[in-house]
Amino acid sequence: MFEKRFWFASDPFGESLLIISPETENSTNYEIEFKDSEGRVINNVKATVEPRSTVCFELDPFLGGLGFESGIRHGTLTVRGDHESGILVRLGSKDQISMLGELSVIRGENSGFFPLRLSSERSHLLVAVNLSENPVSIKGRLFIDSRSPDASFDIPPFASRCLSIESAFKEVLESHAGLGHLRFLVKGRSNVGFLVIESLVSMDEEESTTVWGS
Amino acid sequence: MDRRITWVGFGMESALTKTAVHFFGCSTGVSAPYPAQVILTRFQKEPQAVALDGVRLNQPGGIMLESAFPGEVALCGVALELSTNQTRESLAESQCFFELQSRVDVVRYRPTKVGAAPRNGVLIRDSKISSSVIVINPTEQSQSCTWKCGEQAITLDPLAPWEVKEIQIQDDWYAKVGKEVTGPRGVIYSMILSVSDPSSLIGYIIHRDSAVRKPVSVRPL
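Protein chains in written order, with the numbering used here: chain S, 1 to 214; chain Z, 1 to 221.
Honestly, I wouldn't trust all of these hints.
To be clear about the criterion: a stretch of chain Z counts as covered by chain S if any three or more of its residues have a C-beta under 8 Å from a C-beta of chain S, and this derived list gives those stretches [to be verified]:
| no. | region |
| --- | --- |
| 1 | 47-58 |
| 2 | 90-100 |
| 3 | 119-126 |
| 4 | 187-195 |
| 5 | 208-220 |
Listed next, the in silico DSSO-like pairs over lysine-lysine satisfying Cα-Cα at most 30 Å (straight line) [as the list claims (entries may be wrong)]:
| no. | chain 1 | residue 1 | chain 2 | residue 2 |
| --- | --- | --- | --- | --- |
| 6 | S | Lys-4 | Z | Lys-148 |
| 7 | Z | Lys-18 | S | Lys-170 |
| 8 | Z | Lys-18 | S | Lys-46 |
| 9 | S | Lys-46 | Z | Lys-113 |
| 10 | Z | Lys-113 | S | Lys-4 |
| 11 | Z | Lys-214 | Z | Lys-165 |
| 12 | S | Lys-4 | Z | Lys-45 |
Don't read these hints as lab results, they were simulated from the structure.
Everything numeric in this text was worked out from a predicted model, so none of it was measured.
Glycine residues also receive a C-beta, built at the ideal position from the N, C-alpha and C atoms.
Take these sequences, add in the hints, and give me the full structure.
Structure representation (structure tokens):
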């Protein structure tokens, strides 16, 4: 028995496809639970996959009732299965495609970090998913040059949030370009899943979005 | 007690693609910025190593590979060793990212910790993405290993010491052992790749844009 959690997004940000490949010689039973960004279960799907088969689900048909948060329709899905399986979310956004694996999880009272390419042409969203039934507070510290400003974010139980790095650290980022690092500490005992969305708006107004996690 | 951790991944250095490495040495329950040591190694049949100055626990850091090792190399192995002299601190919670940067995109991935158990991976081919495998020999000995795709065993030609190479997945692999699904985005072929005998080789699945071959995602094996 296994359980894996993934983040997904839907129109107009992108389209997500779930790809499941069981690794056993047996039929594998799956239960897929979809949650919106507030942590509400919006759908539940059961599937059986024959040995050495692959299934692909376009997620949109299962996302009725999915609302916007921070301008993006997004949420999380949990896949439970009775045999280990290879699972990816294929996220297509305009001309960009990303293959997302399981959410990278930081346990309570531990720290994580993400590198950031900072410039006036780029923006970053930190996606944080509270995987517990308690509210969680995340303390972020941005390291750029010799400065290290702080910001705090609160995430309700089971909710996911897209947090703008540029807004949270507006005062120091308005004039900064170059490499930075965001360190974050999960307070309390909750586990939190993270990934970062980086968007680029180039001089000719073409937009490119890269999504990445672990 | 993990007072020394080594991650191994790969990089690309060309006019279009640059590699950055980022690290965050941390120890559970310790917030003091104790000094730490980082040794960065780049290799493609020959290893070159530099020590990075000023590294501290609980403070993220990063460096462009070209600033440590000038010169282009299409594909290279990269090893980052983090250690501390603090005898009571474990670095087990430390983290590392490698980035393949182009002007527009960045592909980031977590490199494999030396000693970690190999994982299975999903190879994909559809109208926009195709997968290949990057194999890294971070040792001074020739190494080979056997993969399994479905029921088919594939033995790699031995890799020379410190060799790194990209192995293209031939269409007939998918025909023999892959699965074909007609989905909303057209036909998708996929198969599970597993490492069936442990070795010191480190592998990654790299998903590339089929049209222009730029990397779009990297998943460790």
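Given pair status - Lys-46 of chain S, Lys-18 of chain Z, alpha carbons within 30 Å: violated (43 Å)
Taking 30 Å as the top limit, are the C-alpha atoms of Lys-113 of chain Z and Lys-4 of chain S close enough? Roughly 21 Å separates the two Cα atoms, so the pair holds.
Does Lys-4 of chain S pair with Lys-148 of chain Z here, judged by a C-alpha cut-off of 30 Å? Answer holds: Lys-4 of chain S to Lys-148 of chain Z is near 23 Å, not above 30 Å.
Can you confirm whether the C-alpha distance between Lys-4 of chain S and Lys-45 of chain Z stays at or below 30 Å? Violated - the C-alpha atoms of Lys-45 of chain Z and Lys-4 of chain S are around 38 Å apart, more than 30 Å.
Coverage criterion applied to the region 208-220 of chain Z (partner chain S; beta-carbon cut 8 Å; 3 residues): That given contact holds, which follows from 4 residues of the region 208-220 of chain Z lying within Cβ reach (below 8 Å) of chain S.
Hint check: Lys-46 of chain S vs Lys-113 of chain Z, CA-CA at most 30 Å. Holds or violated? Answer violated: Lys-46 of chain S to Lys-113 of chain Z is near 35 Å, above 30 Å.
Taken at face value, is the distance from the CA of Lys-165 of chain Z to the CA of Lys-214 of chain Z at most 30 Å? Answer holds: Lys-214 of chain Z to Lys-165 of chain Z is near 16 Å, not above 30 Å.
For a C-alpha distance cap of 30 Å, please report whether Lys-18 of chain Z and Lys-170 of chain S respect it. holds (28 Å)
Within 8 Å of chain S (C-beta), three or more residues of the region 47-58 of chain Z: violated (count 1)
How does the region 90-100 of chain Z fare against chain S when you require at least three residues with a CB closer than 8 Å, holds or violated? holds (count 4)
Just to make sure I understand the rule, a stretch counts as covered if three or more of its residues have a C-beta closer than 8 Å to a C-beta of the chain. Does the region 119-126 of chain Z meet that for chain S? This one holds; 4 residues, not fewer than the three required, reach chain S with a Cβ under 8 Å.
Proximity test - 8 Å, beta-carbon atoms, the region 187-195 of chain Z to chain S, at least three hits: holds (count 5)
Hint compliance for this structure: hints 1, 8, 9, 12 are broken, all remaining hints hold.
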